[in-house]
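*Asks:* Sequence:
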Amino acid sequence: MEAINDDKTTMIRPTDIYGHITKAVYWYGNPYMNWHDPRVPGGKWGQQLTINEAGDCLVQSIVFNDHVRKEVTGQPAEHLQMTADQAAAILEETLTTLNYCGHVADDTDSDANQTVTLTNDDGERYVFVDFQDTEPLAIGRLSMKVRDVLNRADLLVMDGRSRDDFIEQLTIKFVDTDGYTETLTLDRDSEKVTYFRKPGDGTDVTTVYHMPENVSAILDNLNPADFTETIPGLPDDVADDDDGFGAFTCTVTRRNLEPITFGGDYEKYSLPQNWSDLMDVLRGMVNITPTGALFAEGYYQHRRRRTSDVIYLGVQFSDGGREYNYLTDDNSIDVGDQIVVPVGSDDTGQVVTVSSKNYYQPEDVPFPLDQVKRMIGKADDLADNDPDPEDLEI
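Under numbering that gives the first Met the number 0, read the sequence shown as residues 0 to 393, first letter to last.
One should not assume that every hint holds.
To be verified - The calculated lysine-lysine pairs, modelled on PhoX-like cross-linking and capped at a C-alpha distance of 25 Å, are: (1) K69 to K22; (2) K69 to K172; (3) K144 to K197; (4) K144 to K172.
Unchecked claim - Here are the simulated distance ranges between beta carbons: (5) T14 to I287: 35 to 45 Å; (6) R321 to G297: 31 to 41 Å; (7) I230 to I287: 50 to 60 Å; (8) Q315 to P211: 58 to 68 Å; (9) D240 to R196: 42 to 52 Å; (10) M284 to Q315: 17 to 27 Å; (11) D336 to Y359: 16 to 26 Å; (12) I230 to E77: 54 to 64 Å; (13) N220 to A53: 43 to 53 Å; (14) M278 to D188: 40 to 50 Å; (15) F366 to D336: 38 to 48 Å; (16) Y208 to V342: 45 to 55 Å; (17) R196 to S307: 42 to 52 Å; (18) N220 to F195: 35 to 45 Å.
These aren't lab readings, by the way, just hints derived from the structure by calculation.
None of these values were measured; they are calculated from a predicted model.
Even glycine gets a Cβ: it sits at the ideal position worked out from N, Cα and C.
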């Protein structure tokens, strides 16, 4: 949103509209989780989290229906704490995010299952709704930030994606039938993916990918429960044969709870339901060319041009055909440019694409200078001068 003055444009910040936010109340009602309570007919279970600017936080379990909300009997409110700086950052990010992907409720909005109520230092309250589906990634990142700061993975916050704990590290080990091994590790603290491979010949290769925020984002999107509750297991009628699947073990290191370890043959019946999606994401992350500039001939075989150099341009008249050389004094021509070269005994001009460019000292040229023809010119330059079409072949 912008306000335009006569002589300049100024950006309006969310705090200019809503004021300085001192408290946020995050309400997430789960419409699919029934909760029996005689005080609330047809009750469902929800959670309310309150954060104020001092860092004081309150978590309450709520039973609700379309008309009423009450604290769940036997589940007392929990008092949590974060620093004032952490609270200020979260309150500011909450306002910024909701200003972008939500809107303030009005008379046309029904009682939403997910709301965030912001209160400013003047006591004014703004209830934001309809943010969950607009920008789920931003809502998810903010929700995980709140969980991380409070060290409570079970909080619903804004996206409802609670889990039993945070995943700090994921390690997958694979051993093939011929002794070939691989180990893939995702580590939250270092934000690194480490990929180790050891062929049977005794050599080994370790590749480390440092990907700030990407690694933690992947781990945040994984639910530890998926690694224990969605593995189908072998059917009763599975054939008793060996198709060389190889074996794997997977260790899920959690922040507060004991690690989860599972394994078996590396095939679908032994793997969690979300394994294919996880591998697709990881493949895209590590699919980086294993060699770079150090191994590129275009670097180490290239040298600075000398004023006494002659320039040889290589061209091909057919895909995969032999390369022919032409001379030029125009150093602005590069590989990929189109030029016109003389062809045949009558030196008919033909448009070709430069496939190579090399500098040589006169005594080091690969072909005698008196046997190499000179290019006629750049194709674009000649076209601008309106040459006779019959003089050029394409």
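*Asks:* Hint by hint, which ones does this structure get wrong, listed from lowest number up?
*Replies:* Structure breaks hints 2, 3, 4, 6, 7, 8, 9, 10, 12, 13, 14, 15 and 18.
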